[in-house]
Amino acid sequence: MDSHDRGQRLLGAFLAGELSSADARRWDEHLLACEQCWRAVREDRAGRQAAQLLRQPAPPGLADRVAFAVELTAAGTIARQRPRHGMRVRWRWLAAAGALAAAVAVTVAVLLPGGHESGTMPAAVAAVARYAQTVPPARHPGPGPGRPGAPVEVGHPVTLAAGGRQMVLRVWRLGDVEAVVAISTEPFAMPARAHGVTGPGMAWTARLGSIGLYCRNGHTSELVAAPVPETQLAALAARLPPA
Amino acid sequence: MGADHRAFLEATLPHLDVVYQVARRAAGDGQDPEDLVQETYLRAYAAFGSWRGGSTRAWLAAICLNAARSEARRRRRRPWEVPIRVPLDALPMARADGGQDTADVADVVIAGLDAQAVSRGLAQLPEPQRVCIVLMDVAGYTAAETAQVLGCPRGTVLARVHRGRRRLAQLLAEAGVSHGQP
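As given, the protein sequences belong to chains A and B, one line each in that order.
Residues in the first sequence are numbered from 1 upward in steps of one, following this note's numbering.
Residues in the second sequence are numbered from 1001 upward in steps of one, following this note's numbering.
For reference, chain A alone in the conformation it holds in the complex (with noise of 0.2 angstroms):
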């Protein structure tokens, strides 16, 4: 075997980590004295350095948005429906898959851990924030069409059945924040961290890991849950539309 062969022999070795210390002392000395071995490892190592750079984590809340997708599959309440046009569809596409028509709301039941009011979170006000922690931050920020800073609905209404309840759930863009309205002729319980809200009907803040929950109780109740501080809800539930 001449030098170029077990060079050869070495580098592959050495690529594959598996190297034993005598070999390892042999590439050594081989590197010193082959131009061509010497130029390979650095080529690949700065290859190896430069691909790396392209790494980059998922973004938060991915694995929120695949939980729920799996969760809504496992329950067997909706059919994965492929899109017709691609797989560009957004997984409040997805979560609605149930919607045919854009004007039909899917029933979709989202069954909660144990499926019950648990801890100090009603088990609707829980669906809901959960719901809101799938929404990714919008990717196209702004006011969208009408007037500026008019909300844009997004994706279409879903029915959750949660609590032993059924709500309809609609998503607003607001700007750069995407929020989530449900809709119930229940009102909604406060949860025991909740803060009550002076004003007309039983408002009350609360909040949920990184989502703000503000709720109206009236003839109809309004739970909107969204991305932002508590004292923020307030005026973005009164840019939203009538329920």
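Keep in mind that the hints were calculated from the coordinates and are not lab data.
Just so you know, even glycine gets a beta-carbon here, dropped at the ideal spot from N, CA and C.
One should not assume that every hint holds.
Derived Cβ-Cβ restraints for the label pairs, each shown as a range [unchecked claim]:
#, chain 1, residue 1, chain 2, residue 2, range
1, A, A16, B, E1010, 41 to 51 angstroms
2, A, G218, B, R1052, 52 to 62 angstroms
3, A, T198, B, A1115, 48 to 58 angstroms
4, A, A192, B, T1056, 33 to 43 angstroms
5, B, A1144, A, R9, 18 to 28 angstroms
6, B, N1066, A, P57, 18 to 28 angstroms
7, A, R25, B, R1075, 31 to 41 angstroms
Using the hints, position chain B against chain A.
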């Protein structure tokens, strides 16, 4: 929620980040990597009952690539294909020296990297090399896992990734030298 669904998420969600790395590079033009990740997980969940075990993340990567290919076929386009060939001399690379065309490739590459330039350079590689680099260097799969994903011998993977890395370094360096940026 069934127990299998919880078991599935426990087994697979820890690998979301590496699947996302693969999806970002595998998603074709017009495909959203996040949609591809979600599609991957839904396909994996559907197949979870018949999954025989092994490397979970290798299994997920294979599903991700298949999902991307399916979508690309549906669109009559091949995955891993760059819709527009970007001239290499457009890559914003820095020169490593004062203008010598014989500058060391590795030095030139390391001196002026940015992710966008690397992404364009990577797109110039043959698909087999590109896939191996994405799986090993971008997503962090081992050579054995990559071999499992691609269904080829580990030695083949090592050879491809080595050739691909060298070619990538050379392309970036050539671009940097020819571009003439200080």
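Each hint, compared with the structure:
no. : hint                                   : in the structure
1   : A16(A) x E1010(B): 41 to 51 angstroms  : violated, 33 angstroms
2   : G218(A) x R1052(B): 52 to 62 angstroms : holds, 55 angstroms
3   : T198(A) x A1115(B): 48 to 58 angstroms : holds, 50 angstroms
4   : A192(A) x T1056(B): 33 to 43 angstroms : holds, 38 angstroms
5   : A1144(B) x R9(A): 18 to 28 angstroms   : holds, 20 angstroms
6   : N1066(B) x P57(A): 18 to 28 angstroms  : holds, 24 angstroms
7   : R25(A) x R1075(B): 31 to 41 angstroms  : violated, 53 angstroms
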